[in-house]
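**Student:** From first to last, the protein sequence lines stand for chains W and C.
The numbering used here puts the first residue of the first sequence at 1, with every later residue one more than the last.
The numbering used here puts the first residue of the second sequence at 1, with every later residue one more than the last.
The hints are simulated quantities; they were obtained by calculation from the structure and are not laboratory data.
Note that beta-carbon positions come from the ideal geometry of N, C-alpha and C, so glycine has one too.
Each hint should be verified, as a subset may be incorrect.
Rough simulated footprint, nothing fancy, chain C against chain W, three-plus residues with beta-carbon under 8 Å [as the list claims (entries may be wrong)]:
(1) 343-354
(2) 409-421
Derived DSBU-like pairs (lysine-lysine); straight-line CA-CA distance at most 30 Å [to be verified]:
(3) W/Lys348 <-> C/Lys467
(4) W/Lys37 <-> C/Lys467
(5) C/Lys347 <-> C/Lys321
(6) W/Lys244 <-> W/Lys349
(7) W/Lys518 <-> C/Lys351
(8) W/Lys269 <-> W/Lys349
(9) C/Lys126 <-> W/Lys429
(10) W/Lys86 <-> W/Lys225
(11) W/Lys490 <-> C/Lys321
(12) W/Lys518 <-> W/Lys349
(13) W/Lys445 <-> W/Lys354
(14) W/Lys444 <-> W/Lys354
(15) W/Lys269 <-> W/Lys86
(16) C/Lys190 <-> C/Lys121
(17) W/Lys4 <-> W/Lys37
(18) C/Lys273 <-> C/Lys347
(19) C/Lys467 <-> W/Lys490
(20) C/Lys321 <-> W/Lys429
(21) W/Lys225 <-> W/Lys348
(22) C/Lys206 <-> C/Lys301
(23) C/Lys347 <-> C/Lys301
(24) C/Lys467 <-> W/Lys349
(25) W/Lys86 <-> W/Lys262
(26) C/Lys190 <-> C/Lys148
Computed Cβ-Cβ distance ranges for the label pairs, DEER-style [claimed, not checked]:
(27) C/Gly287 <-> W/Pro475: 49 to 57 Å
(28) C/Gly287 <-> W/Ala343: 51 to 59 Å
(29) W/Lys490 <-> C/Thr373: 56 to 64 Å
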Amino acid sequence: MLRKIRIPLAAVCFLLITWLFLDFTGVAHLYVGWLAKLQFLPAILALNVVVIVGLVLLTLIFGRIYCSVICPLGVMQDIIARLHPKGKNKAGRYSYSPERRWLRYAVLVLFIIAIIAGIGSFVALLEPYSSFGRIVSNLLKPLWLSGNNVLAEIAESHDSYAFYEVPIWIRSMPTFIIAAATLLVVSVLAWLGGRTYCNTICPVGSILGLLSRWSLFRVSFDVEKCRNCSACSRACKASCIDFKNHNVDYSRCVVCGDCIDKCQFGALKYDISAIHAKAGHTTASATATSSAEATIETASSQPKAKGLEAGGDSRRAFLIGTALAATTATVAQTKRKVDGGLAEIEDKKAPERKTKLTPPGSLSARNFYQHCTGCQLCVTQCPNEVLRPSTGLLTLMQPTMSYENGFCRPECTRCSEVCPAGAIRPITKEEKSSTQIGHAVWIKKNCIVLTDGVSCGNCERHCPAGAIQMVPLHPEDELGAYVPAINESKCIGCGACEYHCPARPFSAIYVEGHETHKQV
Amino acid sequence: MDRRSFIKILGGGIAATAPATALLTACKQTSGPAESDGSSSMTMRVNPNTGDTVSLLGYGMMRLPELPDGEPQGGAETGPFDQEMINRQVDYALAHGVNYFDTAPVYCRGLSERCTGIALKRHPRKSYYIATKLSNFDTALWSLEESKNMFETSLKELQTDYIDYLLLHSTGGGGRDEQGNPLDGLETCKRRFIDNGLTDWLTEQKNAGRIRNLGFSWHGDYRAFELLLQLHDEGRYHWDFVQIELNYLDWYYANEINRSNVDAALLYAELEKRGIPAVIMEPLLGGRLANVTDNIAAELKARDPEATIASWAFRFAGTPKGVLTVLSGMTYMEHLQENVATYSPLKPVSKEEHEFLMHIAEEIFGHQEIPCTACQYCMPCPYGINIPAIFAHYNKCIREGNIKESNQDPDYRRARRAFLVGYDRSVPRLRQASQCIGCGQCTTHCPQQIRIPRELHKIDAYVEQLKRESDII
Numbered sequence: 001m002l003r004k005i006r007i008p009l010a011a012v013c014f015l016l017i018t019w020l021f022l023d024f025t026g027v028a029h030l031y032v033g034w035l036a037k038l039q040f041l042p043a044i045l046a047l048n049v050v051v052i053v054g055l056v057l058l059t060l061i062f063g064r065i066y067c068s069v070i071c072p073l074g075v076m077q078d079i080i081a082r083l084h085p086k087g088k089n090k091a092g093r094y095s096y097s098p099e100r101r102w103l104r105y106a107v108l109v110l111f112i113i114a115i116i117a118g119i120g121s122f123v124a125l126l127e128p129y130s131s132f133g134r135i136v137s138n139l140l141k142p143l144w145l146s147g148n149n150v151l152a153e154i155a156e157s158h159d160s161y162a163f164y165e166v167p168i169w170i171r172s173m174p175t176f177i178i179a180a181a182t183l184l185v186v187s188v189l190a191w192l193g194g195r196t197y198c199n200t201i202c203p204v205g206s207i208l209g210l211l212s213r214w215s216l217f218r219v220s221f222d223v224e225k226c227r228n229c230s231a232c233s234r235a236c237k238a239s240c241i242d243f244k245n246h247n248v249d250y251s252r253c254v255v256c257g258d259c260i261d262k263c264q265f266g267a268l269k270y271d272i273s274a275i276h277a278k279a280g281h282t283t284a285s286a287t288a289t290s291s292a293e294a295t296i297e298t299a300s301s302q303p304k305a306k307g308l309e310a311g312g313d314s315r316r317a318f319l320i321g322t323a324l325a326a327t328t329a330t331v332a333q334t335k336r337k338v339d340g341g342l343a344e345i346e347d348k349k350a351p352e353r354k355t356k357l358t359p360p361g362s363l364s365a366r367n368f369y370q371h372c373t374g375c376q377l378c379v380t381q382c383p384n385e386v387l388r389p390s391t392g393l394l395t396l397m398q399p400t401m402s403y404e405n406g407f408c409r410p411e412c413t414r415c416s417e418v419c420p421a422g423a424i425r426p427i428t429k430e431e432k433s434s435t436q437i438g439h440a441v442w443i444k445k446n447c448i449v450l451t452d453g454v455s456c457g458n459c460e461r462h463c464p465a466g467a468i469q470m471v472p473l474h475p476e477d478e479l480g481a482y483v484p485a486i487n488e489s490k491c492i493g494c495g496a497c498e499y500h501c502p503a504r505p506f507s508a509i510y511v512e513g514h515e516t517h518k519q520v
Numbered sequence: 001m002d003r004r005s006f007i008k009i010l011g012g013g014i015a016a017t018a019p020a021t022a023l024l025t026a027c028k029q030t031s032g033p034a035e036s037d038g039s040s041s042m043t044m045r046v047n048p049n050t051g052d053t054v055s056l057l058g059y060g061m062m063r064l065p066e067l068p069d070g071e072p073q074g075g076a077e078t079g080p081f082d083q084e085m086i087n088r089q090v091d092y093a094l095a096h097g098v099n100y101f102d103t104a105p106v107y108c109r110g111l112s113e114r115c116t117g118i119a120l121k122r123h124p125r126k127s128y129y130i131a132t133k134l135s136n137f138d139t140a141l142w143s144l145e146e147s148k149n150m151f152e153t154s155l156k157e158l159q160t161d162y163i164d165y166l167l168l169h170s171t172g173g174g175g176r177d178e179q180g181n182p183l184d185g186l187e188t189c190k191r192r193f194i195d196n197g198l199t200d201w202l203t204e205q206k207n208a209g210r211i212r213n214l215g216f217s218w219h220g221d222y223r224a225f226e227l228l229l230q231l232h233d234e235g236r237y238h239w240d241f242v243q244i245e246l247n248y249l250d251w252y253y254a255n256e257i258n259r260s261n262v263d264a265a266l267l268y269a270e271l272e273k274r275g276i277p278a279v280i281m282e283p284l285l286g287g288r289l290a291n292v293t294d295n296i297a298a299e300l301k302a303r304d305p306e307a308t309i310a311s312w313a314f315r316f317a318g319t320p321k322g323v324l325t326v327l328s329g330m331t332y333m334e335h336l337q338e339n340v341a342t343y344s345p346l347k348p349v350s351k352e353e354h355e356f357l358m359h360i361a362e363e364i365f366g367h368q369e370i371p372c373t374a375c376q377y378c379m380p381c382p383y384g385i386n387i388p389a390i391f392a393h394y395n396k397c398i399r400e401g402n403i404k405e406s407n408q409d410p411d412y413r414r415a416r417r418a419f420l421v422g423y424d425r426s427v428p429r430l431r432q433a434s435q436c437i438g439c440g441q442c443t444t445h446c447p448q449q450i451r452i453p454r455e456l457h458k459i460d461a462y463v464e465q466l467k468r469e470s471d472i473i
């Protein structure tokens, strides 16, 4: 019964949150944005009291239902485990193993220290929801977009506007690699041992495990009926049922209900624990099995991987993941290149900004990087190709902004709407238009007014804040060259000037970030 | 047709029904004030029926100023409206020749007549004309009795014993019958004004001198307009004036903006044919012709840098000779001053200017294709812009009706998507108009004399406007 309720609920949550990460039209978050805000760690970082209290109560009453239904990484592991040839085996393929408490809590302590110390990259690496977000946005989304682009091609040939083409590019190579590595580690662990990741590494699992030890509803043995057949232990993907001692480790039980369904004798029940005399209790064992060792090894190899291609960030790269993707991308590219009679346009390069740009609503770089869990939701939602993961070691995977492919458009507040962790606080268009996240800087040597000797003013024409005026280069020469003069106090740092600047590969006007945002 | 022949025809028409009036008109034609002669006083028009000398600018009492804090003053009599300001503006208007005040029982939460009455009572009754309306919109008011009450109440509120111009209010609008079923504009018109004997009664009041001019205002169902004019032609009723919507956008495009509208040019011609003076409402189209896009503003300013944007619309509306007065709901003293200046005196719109405004209207309505033949002489643009492709997309959108002037258009969202998606399809982002720096190297090459950078910037401004509507395509 429990299982029959869990599976549809988990499937719905999983599909919707996956859709949230895949969607590029900006529609999904209007309907299912709340699913991201339900996630445990983002809610804590956002100080979202209602969600925190709700999840704590949920866990105290029903146990770790969160891990079985709400957490997309947990559900993803269940799906992978089911793909195992023995996944549907009647006999079951798991066995009881003692809790590896020292490992769980060591990771948890390190995690909490990292949050307090502001080592965002480490937090982002372990946070389960964010891991899922990175996997979907880096690995699955390109396929989704390729599919869309195929449909867009078809729509175009039928003169329909139902689908439109979207660019596909890897926002950051290190983050892409980390996402792939996380998927590999999590998949291997799920393949081999069900919920091993959740019960040894996942800090959210550890915190909820602390609470679920005392949960009101729990799975317990009716010793009278139990025939010690071991079916429950073999069905338990959390490896938390010790059938010999009739013990269930409630800190690891994710309340999936598989064991109850498996027991032929009705010896397992999920009900109010008070009526059972014996509280679930297991002793921790210091001996780690080989699978756990494997876990530690792979887990610690991730930080190594992240340094590999730190230089590849912001490099535009088309994914050739599948034949499908390859075809679409190539078609799109060739079409753009065979425009006869058109001047070549060189790709822009990101300037080196002394201070990173963080989106309006993030209040300050400090606030942003302290709260961000690197889930990439804002990156996947940014319709202007501005947000991408940053590369610095401490902020790896946490986003930053750059304006080579677009600018932070005035009508868009999508990242602030979707951020579940309070890193980007909700902001209105009006607030955004008066929030200064940086200021424009003119690079005289790049300006085409001087290099090409033509009149320009594209930065001035597109500045939504009216912060740029064209002034004579030589004040006495009113008929000569006019160059942009930036009123730094009016500039909001949206990057319209940088994006529209005709100078290439480096714009002659670029935005320098501010550590603390302010109202202009 | 010039004013003289207009009045001649008019005189002839009236002679058949009211010889005395015709005589009076003939007198006025020679002795009454002609159009202002270059002095700085308000242009006046003569009503051929009564000989009234009416200012070309009429004061619409529909958008009265409100108190800043909404607190009633001097008792709750005038509600949130700033009676002191109304008085000042009315005084200013009268002092500058404005003598036509148009109100209605329903305006300003039903307080417009009262405010107008208070302000006007302070001046001699003969120094101004009051226009008010029979606003019996509610089905409950369709009986003769209720409508009579409404008229009597208007007299009380306006503190007068006669109305100079009484209008059947908004004929052509739909209503609902007693059961709440919707009725079309023609049927509603019949039930509100004809079948209940109201117009007969009003004609009696006119004969008794309590109404000096009887007319109607019209919006919506053209069959109602036709019916009322038919009754006029048959001699059953006599309309001394008719109030219509007229401005340079509605002149030819009213019907295209909204299928149920009728082009002002047609409406005006119907009135002119019969010699019925026209009172103009919506000369500014609810302010839309004062608040135009930057490129339209630039074009208007380029033609006459000293003229305000709104003045073009007022001059257009005031130019036809059969126009008795042009109503403007002037909330602010500044509007009043500006409009008084525009009409003191009226500088009629010349033939060339008329053409120019028709071109502006076309542009506002988005009907003007860029005459690009894709000859590619302008190419390659050194900055990579695909000029012909951008123009081709824009023209295609014009032809397919995907350029909407207003986001209130029911089809706006679909058209917006078609424009933006199609734009990205036809032209890669980096070759779009937003990347045009305006260096002007293309301009000299264009055999069509298209001012390419200007057109590109205009398109870019339109794209920007579309994008700013929403972050969702």
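**Student:** Among the hints numbered above, which are violated by the structure, and what are their numbers in rising order?
**Tutor:** 6, 7, 8, 9, 11, 16, 20, 21, 22, 27, 28, 29
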